[in-house]
Amino acid sequence: MKRLLSILIFVLLIGSVNAQQEAVENFLNQGNVDVLVKTTSTIDVLSDGSSPLLDEMTTRLIFKPFDSEQQSISDLNLIHNEGASTAEKDEEIVYVWKDKNTGRLEFGYNAKVRVNNQFPIITNKIKFPIQDLDSNLIQYVKPGEKIVITNEISKKASEIASGDDDLFSVVYKLAKWNNENIEYDLNSLTEKSVQDSQWVLDNRQGVCDEMTNLFISMARSLGIPARFISGMVYTNTLFDWGPHGWAEVYFPGIGWVPYDPTFGQYGYIDPGHIKMKNSFDSSEPAIKYTWRSRDIDVETGELDIKVNLLSKGGTFTSPIEIEAQLLKDEVKFNSYVPLRATVKNNNNFYVASTIYVSKAPGLKGDSSISVSLKPKSQKDVYFIIEIPEGEKEFVYTSTIEVKDSFGRLDQDILKYSANFEPYTLEQAESRVERLEENGKDTSLLLLECISDKDEYYEYEQGEFTCKVENDGSRKISNLQVCLEKDCRYLDLGVSQEKELKFLKDGIAEDIFVVAKSSDFVKYSYPDFKFLKIPNIEIKDIEISKPLKYDEIGNLSFFIQPDTIVYNAVINVGNNIGELEIKEFDTGQTIILPFYAFNLKVGSNDVDIKITYEDKNGNKYETIATVNINIEDVNLFKKIALLFRRLVNRI
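According to the working numbering, the sequence shown holds residues 1 to 650 in order.
Where hints are given, some of them may not hold.
[As the list claims (entries may be wrong)] No farther apart than 25 Å at their CA atoms in a straight line, the calculated lysine to any residue pairs in the SDA-like style are these: (1) 501 <-> 489; (2) 615 <-> 594; (3) 467 <-> 145; (4) 306 <-> 155; (5) 89 <-> 34; (6) 516 <-> 537; (7) 155 <-> 494.
[To be verified] Have a look at the derived ranges for each label pair, beta carbon to beta carbon: (8) 578 <-> 47: 29 to 37 Å; (9) 493 <-> 362: 48 to 56 Å; (10) 618 <-> 593: 50 to 58 Å; (11) 618 <-> 510: 17 to 25 Å; (12) 89 <-> 601: 49 to 57 Å; (13) 588 <-> 135: 35 to 43 Å.
Hints were generated in silico from the structure; no laboratory data involved. Note that the coordinates shown come from a computational prediction; the quantities given were computed from them, not determined experimentally. Glycine is no exception: its CB is placed at the ideal position from the N, C-alpha and C atoms.
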C-alpha cells in the first residue's frame, strides 16, 4: 500500500499543508505511537462423509507483532474457541484443536504495541562490497520465488552502485532508484497476485510488495543481505491502517536496518509502521495450517486485521538542518528562479531524507529530492520555481518554503512584478546544471553458473560451469572467482567473457560461486536438486495378539523413507513373507499375515530386512528385529499342525 505524500503548489501565501500531509507529519514528529492491533480469522470444519472427525488441527499464525529494535509489545491476549491449546513464540502463535466435529474454529489476538520513532545509528563507513559474510546470512543473498535475481537485475543494480564503496550510500541509491523509477500502480494483474522482481523491472510498475521485492533483489545481487518485512502501516490515502511491505538490510556490526522504498524512507521508518513478520521471500504465507481428519473438508477464512490508535507521545526532532536560499530574489512575471536547499547533518551518524518544496507559486520539474548524508556533512539540492503572470501594477511577495521528511522547514522571500528583470528557464537550468555533480565510470560483472546435472546425491562429484562477463565501461582487475576454496584469478577487459569450470567432491544443499573484486561481490547459485543418501526407518511394529501355535497372526509395521527409494524388497524372516515395491517416497503401513506354526513355540526373534536402491543403483539395507511369542497347544493339535506343515512343504 502506498502512502500518498501530496506536495502542494501555493499561489502567494494562500493555504497551508493539507490534511493528508498533516496526518503523516503528525506521526513523523511523534516520539512514540501506541496502538491496539486486533487480528481474527476462522476455520470452517465441514462434513464430507458419513462419519466426520477432525482428529487434530494445528494453526500457526505467523503474522503478529513482536518485540524488535523499534517496537515493544506490552499486552498480548489470545483469542480462540474453548478447548484450543496455544503456544506463544517470539514470532508466531500456535493454536491446536483436537477431537472436533464439524463447526467453526476461531482464533486471533489483541496486542498493544508501542512503536518508537528512532534512528538506527550508523556512525562509521561500512565498506562495500561486503567481503566476509557470516554463514547465517548467506540465505539472505539468495534468490527466492518472487525475489528473483537475473542478469538484468544484477546489471541495473551494478549500474546504480557503480563507483561507490560506502554500503549506506549504495543501499540508499538502490532504494531511491526504486522509489523514483517504479510507478505505484494497483492494476488488475498486480491486484490478483504479487509479480516477481523481473516483471517489476520490465514493467516499471507495482505495489509496495513488488517495489520492495525488486529493491531486495538488487541488494542481494550485490551480495548485500536483505529480507522482506510484512506489517501494518498508516496511510493518509484512506486515513487508516492497512497491510504493507518494506525491507530490512543487514549492515555488518550494526544489524538489520529498515528501508521503505515505497514511502521514500531510507535507513529509517516512521512509527506508523507496525512490524509483523520477517521473511526470506514475500511469497511466504501469514498462516500455516496442518490437520489430520476423516470425512472432513476445511475452509479457511480471511485474516481480518484492525489497528486502533491509542495515543501519541513525546516529540521527535529532525536530525538534520535545512536552509532555503533563492538564487534570484526579484524577477519578472513568467520567470524561473533556482532555489537551493542546503541540508546539513551535524550528527555523528548517517541520515537520509527527502526534501520537499511545500510552498511556492509554481514548480518546474521535481517537487522533492532525496539526499543521503554522511556524518558531519552537508549537501545542496536544487529546485526551479516557476513564476506566474500577474497584474502589472502590483509587486507580489511569496514565501518559498522547504521541508525535510521529519517536518523541519526553512523559508525565503521572493518578489516578482512586471518591472523586474526576467530570468528564463534556460538560464535557471544552466545555472543549476553547473552547480550539480556529474556521474562516474561504471564497473559491472555478470556471473551465471550452471550444473552439469539436474540432481545430485550428496556422495557424487558435481561439475559447475560459470560464465563471467564484464558488462561495464572499464577493465576489471584482480577478479577472484571461488567455489568454496577452489579459486580462479583473472582480469576482464570491457565486454570480455570467460568460462570457468569447477569440480566439487561431495555435494551440499547450498552451493554457490562468489566473484570478488575491490569494487563488488557477486553470488551465483547453480540450480539443481539435492538428493540425500536414502534411508528407510522401520517403526510402529505390532503383532495382532498373543498367538497360539494353531492360529494365524498379523505382523504390521510402518516404513518411512527420507527420500525416494527404488526396487525395495521387504523380507520378513521365518517364512513370514516377502514384498517388493518398485519405488516410493512416502510412508507406508505393511501388514503381513502368517501361520504361527511356522515359528517355534516360545520366543522367536524375527528380522524385518529391507533392501533398496537409490537412483544410481547403489544398494542399501535396513534391518529391525521383532520378538514374536508363540504359545503351546495340546499334543493332538500339535500332531495335526505338524502334519499340515509337512503337507505344505510337499
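Status of the hints after comparison with the structure:
1. Under the criterion of a C-alpha separation no larger than 25 Å, the hint pairing residue 501 with residue 489 is consistent with the structure, at around 13 Å.
2. The suggested pairing of residue 615 with residue 594 is violated, with an alpha-carbon distance near 33 Å, which exceeds 25 Å.
3. Distance hint between residue 467 and residue 145 is fulfilled; the C-alpha atoms sit about 23 Å from each other, no more than 25 Å.
4. Pair hint residue 306 plus residue 155 does not hold up; C-alpha atoms about 41 Å apart against a cutoff of 25 Å.
5. This hinted pair checks out: residue 89 and residue 34 have alpha carbons roughly 22 Å apart, not beyond 25 Å.
6. In summary, the hint linking residue 516 to residue 537 is not supported, as the alpha carbons are separated by about 44 Å, beyond the 25 Å threshold.
7. The suggested pairing of residue 155 with residue 494 holds, with an alpha-carbon distance near 14 Å, which does not exceed 25 Å.
8. In this structure, residue 578 and residue 47 break the distance hint of 29 to 37 Å, their C-beta atoms being roughly 42 Å apart.
9. A beta carbon spacing of about 50 Å between residue 493 and residue 362 agrees with the range 48 to 56 Å that was offered as a hint.
10. A hinted range of 50 to 58 Å is violated for the C-beta pair residue 618 and residue 593, which are about 33 Å apart.
11. Between residue 618 and residue 510 the beta carbons are some 24 Å apart, a value that agrees with the proposed interval 17 to 25 Å.
12. Separated by about 55 Å at the C-beta atoms, residue 89 and residue 601 satisfy the suggested range of 49 to 57 Å.
13. Taking 35 to 43 Å as the suggested C-beta distance range, the pair residue 588 and residue 135 conforms, at roughly 37 Å.
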